[in-house]
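The numbers in the sequence shown follow the UniProt record's numbering, run straight up by one, and end at 259.
Just so you know, these hints were derived from the structure itself, not from any lab.
Since the structure is predicted, the reported quantities are computational estimates derived from the model, not experimental observations.
Cβ atoms here follow ideal geometry from the backbone N, Cα and C, with glycine treated the same way.
Treat the hints with care, since some could be wrong.
[Unchecked claim] Cβ pair distances, simulated, as ranges:
#1 P178 / Q107: 20 to 26 angstroms
#2 M63 / P123: 44 to 50 angstroms
#3 A102 / G72: 35 to 41 angstroms
#4 A24 / R211: 39 to 45 angstroms
#5 T71 / D176: 37 to 43 angstroms
#6 D61 / A219: 40 to 46 angstroms
#7 G72 / A187: 32 to 38 angstroms
#8 D61 / G138: 26 to 32 angstroms
#9 R39 / L181: 44 to 50 angstroms
#10 R158 / G225: 18 to 24 angstroms
#11 A80 / A105: 22 to 28 angstroms
#12 Q162 / R243: 36 to 42 angstroms
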Amino acid sequence: MRAPLPEAFLRLPIAHRAYHDAEAKRPENSLPAIRAAIRAGYGIEIDLQPSADGQAMVFHDEMLDRLTYDTGPVAARSAAELQRIRVRASAEPIPTFRQVLAEVAGQVPLLVEIKDQSGAFGPTNGVLEAATAAALQGYDGPVALMSFNPHSVAHVQRLLPQVPRGLTTYAFPAEDFPPGLPPEMEARRQALAAIEDYDRVGASFISHHWRDLSRPRVADLKAQGAAVLCWTIRSPEEEAQARRIAQNVTFEHYAAAQP
């Protein structure tokens, strides 16, 4: 089963990590940034990391250090502990996925990236995917799930076959991996770069790095009916270039033009 991406994901520009602006006290993936995106009428992209007790938290990094005044791994703290940690530049704490869903409440499309928990795009224990699925029970707004890790998307396929799912993709260059990869890991890197798992996980879209949109595999997937989103656009000029191929953009640091 391949759930199609709703039209709203191709029409409304998608605010990367929500419509964030630290100077305006709405840091990335925060509730103030979520609210700002809704007011502006943008779609929203967010990231999920797990708490120690298996809850889905809306946070990009594995570590707390960059985005909060605390330190250490997100996954070492319970959801209750994380809810007491304030996000930098905001008076509000790290939100749970359930809180964000309640805030969005179907008003705009929500694109959710499940962060890789394996460290190497390998098999995961499915805890974060299960927490994501549990939070989404009963949610009837436009939502789509994606990950750089195809194993994560395979979990989503099993847990939420009715929800559109996709792969977050780019060139996966060798320099982004440790030197001297064993042959099986090098083969996996090449498979990721070739987006070989698209059909296996029943994806209906990709979100591809905008500078790599000319890759022939992107054109092949688009010709086969895949929706093509892209990341991360940071100016109107980049947006104009990306839209020659991509059907929509994920943007930050400027106000993308509305349709």
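Problem set entry | Broken hints, by number | 1, 2, 3, 4, 5, 6 and 12
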